[in-house]
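S.K.: Listed here are the chains, written in short residue letters.
Protein chains: 2
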Amino acid sequence: MSKYLNIITSCNLDKNDTVTVTDLENPYGKEPKRHVALKTVNSQPFNAETPISLLCENFITPNDLFYVRNHLPVPDVNLKDYALEIETNDKLVGKFTLDQLKQDFPTVSIVATLMCAGNRRSDMTKIKAVKGLNWGPCAIGTATWTGVRLRDVLKRVGIKEDEFKHVHFEGIDYDVTGSQYGTSIPIWKAMDKRGDVILAYEMNGVSLPLDHGYPLRVVVPGVAGARNVKWLGKIIISNEESQSHWQQNDYKGFSPSIDYDTADFTKAPPIQEMPVISAICQPTHGDVVTVMNDRIRVKGYAWSGGGQKIIRVDVSVDQGKTWYVADFTAQDTAEPPRHWAWTLWSLDIPVGDNQEVEIWCKAVDSSYNTQPENFQNIWNFRGVLSNAYHKVRVQLSR
Amino acid sequence: MSKYLNIITSCNLDKNDTVTVTDLENPYGKEPKRHVALKTVNSQPFNAETPISLLCENFITPNDLFYVRNHLPVPDVNLKDYALEIETNDKLVGKFTLDQLKQDFPTVSIVATLMCAGNRRSDMTKIKAVKGLNWGPCAIGTATWTGVRLRDVLKRVGIKEDEFKHVHFEGIDYDVTGSQYGTSIPIWKAMDKRGDVILAYEMNGVSLPLDHGYPLRVVVPGVAGARNVKWLGKIIISNEESQSHWQQNDYKGFSPSIDYDTADFTKAPPIQEMPVISAICQPTHGDVVTVMNDRIRVKGYAWSGGGQKIIRVDVSVDQGKTWYVADFTAQDTAEPPRHWAWTLWSLDIPVGDNQEVEIWCKAVDSSYNTQPENFQNIWNFRGVLSNAYHKVRVQLSR
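Chains as they are written, first to last, in the working numbering: chain A, 1119 to 1516; chain B, 1119 to 1516.
Please keep in mind that the hints were generated in silico from the structure rather than gathered at the bench.
Quantities reported herein were computed from a predicted structural model and do not represent experimental measurements.
Errors might be hidden in some of the hints.
What the hints assert, rightly or not - Taking lysine-lysine pairs in the DSSO-like style, the calculated list, with each CA pair at most 30 Å apart, reads:
(1) Lys1283/B with Lys1439/A
(2) Lys1273/A with Lys1509/B
(3) Lys1273/A with Lys1220/A
(4) Lys1311/A with Lys1213/A
(5) Lys1439/B with Lys1246/A
(6) Lys1148/A with Lys1273/A
(7) Lys1439/A with Lys1273/B
(8) Lys1385/B with Lys1509/A
(9) Lys1213/B with Lys1283/A
(10) Lys1311/A with Lys1273/B
(11) Lys1509/A with Lys1246/B
(12) Lys1244/A with Lys1439/B
(13) Lys1311/B with Lys1311/A
Stated by the list, open to error - Anything over 10 Å on all C-beta distances counts as not near chain B; from chain A, calculated:
(14) Arg1269
(15) Asp1368
(16) Ile1376
(17) Gln1400
(18) Arg1415
(19) Val1482
(20) Ile1496
Glycine included, every Cβ here is placed at the ideal spot set by N, Cα and C.
Looking at chain A on its own, in the form it has when it is part of the complex (with noise of 0.2 Å):
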């Protein structure tokens, strides 16, 4: 860890820490303090990302540096009235305060990597602009999470899995005109043993800071951050998706030649679970960098969504005539397919005689996925699945 890290992560905000609200008409005064690290990509909603020096120093990243990415504003939460709902066919199922749900089913820990499915879009608008966050490489970030796990809760309130087909999570967060977060995910993944899919309390061994969904919210590891609700104020059993606008129209893949005014919703799948990527953290774009031994350090991460874990990072600086192996400074233990967290990675790779360098990287998963090569061929018109190899040019000082 380095010790820049040292000094500007001991400042630890949580959720008691709240701004004054001194005007209740302002849909965003329960916005909660924000470390003064994080790069903003929009204010309101809140979104920023995980500054790039930072994000490949730790494995588990901390939590007032995990990136947050808000769809509207943050609840005001009061845990005294909170209590999660569980509906099916318009019917009250089970309600479970925190409490509850602490003392009536067993405890887990899951490690897992979030990711926007718009992280590292702004490599995708550099082809042709898209419609969506600017977000660079750094909507992502991994954690501990803590809590129950969503089958023992759905088999407790009398949930079987071949009766219905999707499970929805509604946030308590609105906007101004009533509309509510929410997003559905399939039952297999809700209640098979090997999805691991939790209602979290906590990250990192404490609650939930609320830009991260205090008091609760479902962690739907290897799937798309945007399934993973914050602020879980319900959970709807059904044999639809969601018709949320998040699921209907939004996140969702398109080929390249398809734009806003031809695209047909209905015909592509929600992103559910994410394909593989990679990217460089150190250097960046412009850097001018010191050769030692006439090679250059290179770090980065690698993840895959599914369960994968990473096999293999290839990186290179001729274009690709010559391919090196990084090395893995940092990989959970757990086995495909259930293995959720990104894998980080370093190399000291032979630059030549160089001045300049491009360097490029590329995963590959334990299904032997790889990353598609440029953003030509996977471009679409809303900058989600933005997983191409990642290039940064870089100078170099002998």
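Following the hints, put chain B in place on chain A, whose structure we already have.
M.R.: Relative to chain A, chain B alone:
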């Protein structure tokens, strides 16, 4: 189905059509007769592809046109002497004749595509030579496999998933040195209800043909063809992987800069779940294609391992500047993560005023993984996982 297909598939061969054995010392004395239309890639052991003109004509590949990938001579099978043995810790824990399997366990059928991990190797070879059989794009086929669930059988003999890590399969095929075909899969795949691994005795409604493993073959859907052991003689439950050549020193992927001299086979995991792939079956390289209404018809297949479904196939005739979305002509209704069969597709694509075009195709699966663009960056010295875009150059006539 084309008229041509009707004619040539009318001559069904079966296991009884073995050649006359004139030389008892000949290890290849028990080879069956094969369909004349199969495209031989190697004669001993026999390896052959489905002819490309027929591959996409049927969602279910006719048995006698199904690609054959034998690693060793076809064994001399006598059903009267046959029994499947199950062993753990060097102890026999179960033994079943084929009739006992049929009587003692529920019958199940799955529709699954099998593909050799070396399918499309000949495309990779164009970049740089590789070591392996020169497969075209037709080492793939789809069948309805009928048999009993492996998990049912393993449970019956008392196997508990959490006590072991791997399940080995040994064939009764040997070479002259006594080497026996064998390989293994992780136990979760064997025991999970969503793994859908079956001990199959029928292929498309008839007894397994001799070339496809009569009397019993394990079908491990979503996984490299090599793990689908034919002529299954023994199952071993273990904490170690199979130590066979095919598990340890073959069917693994490596970085493009690694060759036989520098490869460390212990560093790469065996190929199990396969990455997304697609190919154009019609037209083929060098064809002269008649333009109709400014378009040509392109047909092909797409498939992904791990139970993923193909959600889109994109086709381009201008090096990716414009992509068109293909129509699916045949797809199984099973949902991921239990979708095991390929998708057939077709597209009448506009070709403008060109005199010739290079057709590209690429597929996207339900985890939104897609194919790498070219072979340079995925080249590996064994020529496996050859899933870059398929590119076919044709002349146009009007």
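S.K.: Mind checking the alpha carbons of Lys1273/A and Lys1509/B for me, to see if they're no more than 30 Å apart?
M.R.: Judged against 30 Å, a Cα distance of about 50 Å means the pair is violated.
S.K.: Grab the minimum beta-carbon distance between Asp1368/A and chain B and tell me whether it stays above 10 Å.
M.R.: Holds, because the least Cβ-Cβ distance between Asp1368/A and chain B comes to about 14 Å, which exceeds 10 Å.
S.K.: Given the hinted pair Lys1439/B and Lys1246/A, is their Cα-Cα distance within 30 Å?
M.R.: Given pair Lys1439/B, Lys1246/A holds - Cα atoms ~12 Å apart, limit 30 Å.
S.K.: Is the Cα-Cα distance between Lys1148/A and Lys1273/A 30 Å or less?
M.R.: 35 Å, violated
S.K.: Between Lys1385/B and Lys1509/A, does the CA-CA distance stay at or below 30 Å?
M.R.: 26 Å, holds
S.K.: Taking 30 Å as the top limit, are the C-alpha atoms of Lys1273/A and Lys1220/A close enough?
M.R.: 16 Å, holds
S.K.: With 10 Å as the threshold, tell me whether Gln1400/A passes as away from chain B on beta-carbon distances.
M.R.: Label holds. Min Cβ-Cβ 21 Å, cutoff 10 Å.
S.K.: Decide if the proposed pair is consistent with the structure: Lys1311/A and Lys1213/A, CA atoms, cutoff 30 Å inclusive.
M.R.: With a Cα-Cα distance of about 23 Å, the restraint between Lys1311/A and Lys1213/A holds, given a limit of 30 Å.
S.K.: So Val1482/A supposedly isn't at the interface. Is its beta-carbon more than 10 Å from every beta-carbon in chain B?
M.R.: 7 Å, violated
S.K.: Could you let me know if the closest chain B CB is still more than 10 Å away from the CB of Ile1496/A?
M.R.: 6 Å, violated
S.K.: Quick check for students: does the CB of Arg1415/A sit more than 10 Å from each CB in chain B?
M.R.: Answer for Arg1415/A: holds, closest chain B Cβ roughly 19 Å.
S.K.: Taking the minimum C-beta separation from Ile1376/A to chain B, is that value above 10 Å?
M.R.: Incorrect as stated: the minimum Cβ-Cβ distance to chain B is 8 Å, not above 10 Å.
In terms of the numbered hints stated before, the structure departs from hints 1, 2, 6, 7, 9, 16, 19 and 20, listed from lowest to highest.
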